[in-house]
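**Q** Quick mapping for you: the protein sequence lines, in order, are chains A and B. Following the numbering used here, the numbering of the first sequence begins with 1 at its first residue and continues without gaps. Following the numbering used here, the numbering of the second sequence begins with 1001 at its first residue and continues without gaps.
If you are wondering where the hints come from, they were derived from the structure by calculation, not from laboratory data. Positions of the beta carbon are idealized from the N, C-alpha and C atoms, including for glycine. Some clues are possibly wrong.
[Stated by the list, open to error] Pairwise CB distance ranges (calculated):
no., chain 1, residue 1, chain 2, residue 2, range
1, B, G1208, A, S170, 54 to 64 Å
2, A, S131, B, D1187, 34 to 44 Å
3, B, S1021, A, R207, 22 to 32 Å
4, A, P264, B, P1264, 48 to 58 Å
[To be verified] Pulled a few chain A residues facing chain B out of the computed Cβ check, cut under 7 Å:
no., residue
5, E98
6, D274
7, P275
8, I279
9, Y319
[Unchecked claim] No farther apart than 30 Å at their CA atoms in a straight line, the calculated lysine-lysine pairs in the BS3-like style are these:
no., chain 1, residue 1, chain 2, residue 2
10, A, K79, B, K1065
11, A, K128, B, K1220
12, B, K1220, B, K1128
13, A, K217, A, K156
14, A, K5, A, K65
15, A, K156, B, K1079
16, B, K1079, B, K1065
17, B, K1307, A, K156
18, B, K1065, B, K1219
19, B, K1219, B, K1079
20, A, K32, A, K79
21, A, K128, A, K217
Number of protein chains: 2
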Amino acid sequence: MSDDKGAILLATTGWDQTAWSESVRELAEGRKVLDEPQGPGDPEIAYAVAWAPPPGLLRNLPNLKAIFSIGAGVDHLLKDPDLPDVPIVRVVSPDLTERMSEYVVWRVLDHHRQGALYRQQQAAHAWKEFSDQPAAGDITVGMLGLGELGRDAARKLDALGFRLSGWSRSERSLDGVTCHAGIQGLDAFLAESDIVVCLLPLTEETRGILSMPLFRKFKKDGPYGAPVLINAGRGGQQVEADIIAALDAGLLSAASLDVFNTEPLPVDSPLWDDPRVFITPHVAATSVARMIVPDMLRQMDDHDAGKPLENLVDRTRGY
Amino acid sequence: MSDDKGAILLATTGWDQTAWSESVRELAEGRKVLDEPQGPGDPEIAYAVAWAPPPGLLRNLPNLKAIFSIGAGVDHLLKDPDLPDVPIVRVVSPDLTERMSEYVVWRVLDHHRQGALYRQQQAAHAWKEFSDQPAAGDITVGMLGLGELGRDAARKLDALGFRLSGWSRSERSLDGVTCHAGIQGLDAFLAESDIVVCLLPLTEETRGILSMPLFRKFKKDGPYGAPVLINAGRGGQQVEADIIAALDAGLLSAASLDVFNTEPLPVDSPLWDDPRVFITPHVAATSVARMIVPDMLRQMDDHDAGKPLENLVDRTRGY
């Protein structure tokens, strides 16, 4: 095997570097794979496979053609002020999408079917039916974000009988989903959602969006008393003190959070012990190297052959 | 409104009699509705709407034309040795089917996505990813029973990416489901199922089926270590001491149980405190009167007009 194609720089900070390194090295025929640049301005590097690279790592690589993000979001790249002006490719992988939909359907059903209540009752040896169990068709799940991930989760919730509502930055039209768009559509979206699922990208517009001003616009009643919040977007979108305040004020009845402002979530965060909050350690949709690397390598070869890159990030939008 | 049609006897022991009574009384135009026979051999009663009626209650009603079960199973009727020889109609309701599929998908996802582990970790303020999270496509969910309920749940799990296997008494063919049938097909079914979901009817053949001899045939490995059992069929199908023994022996890794030999589950049952077992109080698919009564009344009118009854029970099969 000759290394006649441009090299790949691996910069998967915070992930299992071994799994990515092994997958890329196993499959990258004809490409050298580097864990760091071989000196400043390394001319061999043609592509970077990256997650939250150290700021400045990717600048001054004269032959860098594109950066591949290994997670669905790209905020971890765009925060680097020295990020070079080359195309950025988002991950769009059926495996990643399926894992995220699993998480969303799991959390929707656990709230809908009163999982927390039944676990409390089991601990008390109490046999008691929740007497007002609504049907799925009595519940509107509102998808905050209708990208690849939001659309797939909506389709799967629709198949289970839930009513679906959706909000996106720009106009969308989706079978079975009442679509709202832009700032002017947000109030109507919030007013009809019993469960709000956040799958937005983190941008300057969405930073801190899940906070008291938004929670005050949530539906005031509905089958669960107050709406449920599920955040599998980014921690930077939520104000954690406001989530607790909204639960205390009855603006929210419960929350499932997979992402946090600081990760790992600090051991003294009051979220851990709140019985209304379900916490997972940013595992809603983990990128699995062996499922994602083959398509990245195919895109590199296609791009070398003159074909356009797919799933490009629009830097002015931020995703 | 004249009571010119045959009367309806309501015998919904153990259910919310008020809701059934109100729904039937509100919608049963032209029919008298009785909470008990008006004397022995009440000739007015044409139909019974029943759940576990007191043994003998339905005998000697000379004009009884059919019995409508308000639950999906009919074991509660067939155990009455004095049950009159009239047609028995099972409930087949989209609402009931949807509720059962919700329960099955909920429990499959909660086991698949390590809900119990993450709840334990949350209690310990521990941020730790379950590192071997399989994809849905790595998991085979085995449906023990492929009636209306099993088929609908299988379709919805298939849409989430799970592999599906199914077992039924007689041969079935279902898109996306590897089907096995009869005693001779049971071992192959068990050998490939990572999660076994029981939705069988309770008959003499299925009584006690979920016990050690079956558990010994379960798959010995797989992504969860040992298989998971979900029982939303009938408590009479499970030997509860054997479920605990199978968990202790590593033949099972976890269980979700909605039904029990004795309901309510006795307060001193060891199942309550077993962290590997998730208990719900027979709520997987509750029959909701307002969703089911209209179709029952339509069938009564159709039957009076000479049309055949739908969803009839075969007493020799027991379901």
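**Q** For each hint, tell me whether it holds in the structure or not.
**A** Evaluation of the provided hints:
A hinted range of 54 to 64 Å for the beta carbons of G1208 (chain B) and S170 (chain A) is consistent with their spacing of about 59 Å. Range check, S131 (chain A) to D1187 (chain B): about 42 Å between beta-carbon atoms, so the 34 to 44 Å window is met. At roughly 55 Å, the beta-carbon separation of S1021 (chain B) and R207 (chain A) lies outside the given 22 to 32 Å, and the hint is violated. Range check, P264 (chain A) to P1264 (chain B): about 41 Å between beta-carbon atoms, so the 48 to 58 Å window is missed.
A least Cβ separation of about 5 Å between E98 (chain A) and chain B falls short of the 7 Å threshold, and the interface hint therefore holds. Given hint, D274 (chain A) at the interface with chain B, is violated; its Cβ is 10 Å from that chain's nearest Cβ, farther than 7 Å. Interface hint at P275 (chain A): violated, since its Cβ lies 10 Å from the closest Cβ of chain B, which is beyond the 7 Å cut-off. Evaluation of the I279 (chain A) hint against chain B yields a held restraint, the C-beta minimum of about 5 Å falling below 7 Å.
For Y319 (chain A), the interface hint is violated, since its Cβ never comes within 7 Å of a Cβ in chain B; the closest pair sits about 24 Å apart. Under the criterion of a C-alpha separation no larger than 30 Å, the hint pairing K79 (chain A) with K1065 (chain B) is inconsistent with the structure, at around 74 Å. Proposed proximity of K128 (chain A) and K1220 (chain B) is contradicted: the alpha carbons are some 35 Å apart, above 30 Å. Distance hint between K1220 (chain B) and K1128 (chain B) is fulfilled; the C-alpha atoms sit about 27 Å from each other, no more than 30 Å.
Using a Cα cut-off of 30 Å, the hinted pair K217 (chain A) and K156 (chain A) holds, with the two alpha carbons roughly 27 Å apart. In summary, the hint linking K5 (chain A) to K65 (chain A) is supported, as the alpha carbons are separated by about 12 Å, within the 30 Å threshold. Between the alpha carbons of K156 (chain A) and K1079 (chain B) the distance comes to roughly 40 Å, so the proposed pair goes past 30 Å and is violated. Between K1079 (chain B) and K1065 (chain B), the direct Cα distance comes to roughly 19 Å. Compliance with the 30 Å bound is thereby established for this hinted pair.
For the given pair, K1307 (chain B) sits about 38 Å from K156 (chain A) by alpha-carbon distance, which is inconsistent with the 30 Å threshold. For the proposed pair K1065 (chain B) and K1219 (chain B), the alpha carbon gap of about 47 Å is over 30 Å, so the pair is violated. Of the supplied pair hints, the one linking K1219 (chain B) and K1079 (chain B) is violated, its CA atoms being roughly 34 Å apart against a limit of 30 Å. For the hint linking K32 (chain A) to K79 (chain A), the alpha-carbon distance of about 28 Å falls within 30 Å, and the restraint holds.
This hinted pair does not check out: K128 (chain A) and K217 (chain A) have alpha carbons roughly 33 Å apart, beyond 30 Å.
The structure does not agree with the numbered hints 3, 4, 6, 7, 9, 10, 11, 15, 17, 18, 19 and 21 stated previously, though it agrees with the rest.
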